[in-house]
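Student: Working from the sequences, and respecting the hints, build out all of it.
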Amino acid sequence: MTAESSQESLNPESRTDFTRYAALADAFRDEVITHSRVEDISLPGDTGRFALIRLDNDAPKRPSTLGPNSLIEFGEAVARQFARAEAREIVGLGVIGKPGCLVAGADLGAVNRVESSVYARQMAELGHQAYNLLEDFPVPSFTFINGTALGGGLEIALAAQWRTVSTEAKALALPEVFLGLIPGWGGVYRLPRLIGPE
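Residue 1 is where the sequence shown starts when you use the numbering used here, and the numbers rise one by one after that.
Check before you lean on any hint, since a few could be wrong.
[To be verified] Distance condition first, Cα-Cα at most 25 Å in a straight line; then the derived DSS-like pairs of lysine-lysine:
| hint | residue 1 | residue 2 |
| --- | --- | --- |
| 1 | 170 | 61 |
| 2 | 61 | 98 |
| 3 | 98 | 170 |
I should point out that these hints are in silico values taken from the structure, not numbers from a laboratory.
It should be emphasised that the depicted structure is a prediction, and the values quoted were computed from it without experimental measurement.
Tutor: Below, the structure is given as structure tokens:
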């Protein structure tokens, strides 16, 4: 990491700014986007509002995946809720997927088409920036694993401060290791810290 990028990660405003990834997103215009739709839930007993980000690619038979456009949308959604949490408008944040699927990992079609080392690095940094916001969220953050959570999907759950797993979740894994890829959005260090190296 360069001194410039480490300084950028220390700047609170740059943590929530995803505009520097515009060229990366533009290079993948044909991505099937997994949208991050936010809804507010009033908690019982007038205890406050809970923001829920629902991840859904609007394709019933295709699992949700994360390419650059999806990650930017997710990061921006978390950033908006971060500001609301700091303003005490919400008391918690949750992330959930569409029925049967949290997220089935990175969009491997997009990953396989990354030809520029600049874009490859940006893709990694983009995931870290979005997921670190979830980890550092100023009020409790949760991921509700309501279905398959693979690769980048499981890494979302690992970045949240708390997580639950539904009995409907058929698979939780970091299968990219079998493709020769390192779980690059934090799974390689968050998972063993959570459950131990064994």
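Student: Now tell me, hint by hint, if it's right for this structure.
Tutor: Now the hints, each set against the structure:
no. : hint     : in the structure
1   : 170 - 61 : holds, 16 Å
2   : 61 - 98  : holds, 11 Å
3   : 98 - 170 : holds, 14 Å
Of the numbered hints given earlier, the model fails none.
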